[in-house]
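Engineer: Heads up: the protein sequence lines correspond to chains H and G, in order. Counting in my numbering, the first sequence runs without a single skipped number right up to 114 at its last residue. Counting in my numbering, the second sequence runs without a single skipped number right up to 225 at its last residue.
A hint or two may mislead.
What the hints assert, rightly or not - Each computed DSSO-like pair below joins lysine-lysine, with the alpha-carbon atoms no more than 27 Å apart:
id, chain 1, residue 1, chain 2, residue 2
1, H, LYS52, H, LYS40
2, G, LYS166, G, LYS183
3, G, LYS166, G, LYS117
4, H, LYS22, H, LYS52
5, H, LYS41, G, LYS117
6, G, LYS183, H, LYS41
7, H, LYS41, H, LYS22
8, H, LYS40, G, LYS117
9, G, LYS183, G, LYS117
These aren't lab readings, by the way, just hints derived from the structure by calculation.
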Amino acid sequence: ETGVTQTPRHLVMGMTNKKSLKCEQHLGHNAMYWYKQSAKKPLELMFVYNFKEQTENNSVPSRFSPECPNSSHLFLHLHTLQPEDSALYLCASSQDEGEGYGYTFGSGTRLTVV
Amino acid sequence: DAKTTQPPSMDCAEGRAANLPCNHSTISGNEYVYWYRQIHSQGPQYIIHGLKNNETNEMASLIITEDRKSSTLILPHATLRDTAVYYCIVSSISNDYKLSFGAGTTVTVRA
Numbered sequence: 001e002t003g004v005t006q007t008p009r010h011l012v013m014g015m016t017n018k019k020s021l022k023c024e025q026h027l028g029h030n031a032m033y034w035y036k037q038s039a040k041k042p043l044e045l046m047f048v049y050n051f052k053e054q055t056e057n058n059s060v061p062s063r064f065s066p067e068c069p070n071s072s073h074l075f076l077h078l079h080t081l082q083p084e085d086s087a088l089y090l091c092a093s094s095q096d097e098g099e100g101y102g103y104t105f106g107s108g109t110r111l112t113v114v
Numbered sequence: 115d116a117k118t119t120q121p122p123s124m125d126c127a128e129g130r131a132a133n134l135p136c137n138h139s140t141i142s143g144n145e146y147v148y149w150y151r152q153i154h155s156q157g158p159q160y161i162i163h164g165l166k167n168n169e170t171n172e173m174a175s176l177i178i179t180e181d182r183k184s185s186t187l188i189l190p191h192a193t194l195r196d197t198a199v200y201y202c203i204v205s206s207i208s209n210d211y212k213l214s215f216g217a218g219t220t221v222t223v224r225a
């Protein structure tokens, strides 16, 4: 365990389903991140939250909707996904936005869209 | 941010030092060099970072050339558990030190 917990570890969903990914950290970090890792592609930064406020959205389609109710929890709400959205979704946290050495990653949620 | 170039893969023998190169010829003066690794089916793990000086911690050593255009990550005694994808990343305050991952180097440690 790294201190960043992601649930579920695996998720299979149909294209018409709605599901949510959860990320939780109790490291006292103020910044949280969502990354997407598709097969044979580098990690892509999706969203950044700092002190619960979204500070970055890297042109992510609206079928991905993040939510950060407090500095310890981050959600990624999914609806009407496409098969190409199948990927490993990784959550990370750091003390503050602006500390590249201090990222702690979770183990990810392996998402399959059918 | 400066881009980095890493070899796509390399093998090394268990118990020997593994030297992982990274080129970052367009690095600017305020950009740090970070190394992370990702073991299969896990999230990336921080290894080490530096600006100008060589750095060492319990996991690895980082050697940065004087002109800062390249660096080498050294795993002093590679073990089978060091088999992973290693990422060399440069970042600076201009983008809040966000990490942008490339393809990395797939390192396979062989017994």
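Engineer: If you draw a straight line from the CA of G:LYS183 to the CA of H:LYS41, is it 27 Å or shorter?
Structural biologist: 25 Å, holds
Engineer: Is it true that the CA of G:LYS183 sits at most 27 Å from the CA of G:LYS117?
Structural biologist: At roughly 11 Å apart (the allowed maximum being 27 Å), G:LYS117 and G:LYS183 satisfy the hint.
Engineer: Just to be careful, I want the Cα atoms of H:LYS52 and H:LYS40 compared with a cutoff of 27 Å; is the pair within it?
Structural biologist: 31 Å, violated
Engineer: With a cut-off of 27 Å on the C-alpha distance, tell me whether H:LYS41 and H:LYS22 pass.
Structural biologist: 23 Å, holds
Engineer: Between H:LYS22 and H:LYS52, does the CA-CA distance stay at or below 27 Å?
Structural biologist: 15 Å, holds
Engineer: Is the hinted pair H:LYS40 and G:LYS117 satisfied, with a Cα-Cα distance of at most 27 Å?
Structural biologist: 19 Å, holds
Engineer: Going straight from one Cα to the other, do H:LYS41 and G:LYS117 come out at no more than 27 Å?
Structural biologist: 16 Å, holds
Engineer: Mind checking the alpha carbons of G:LYS166 and G:LYS183 for me, to see if they're no more than 27 Å apart?
Structural biologist: This hinted pair holds, its Cα atoms lying about 10 Å apart.
Engineer: Taking 27 Å as the top limit, are the C-alpha atoms of G:LYS166 and G:LYS117 close enough?
Structural biologist: Holds, at about 17 Å.
Checked against the numbered hints above, the structure breaks only hint 1 and satisfies the rest.
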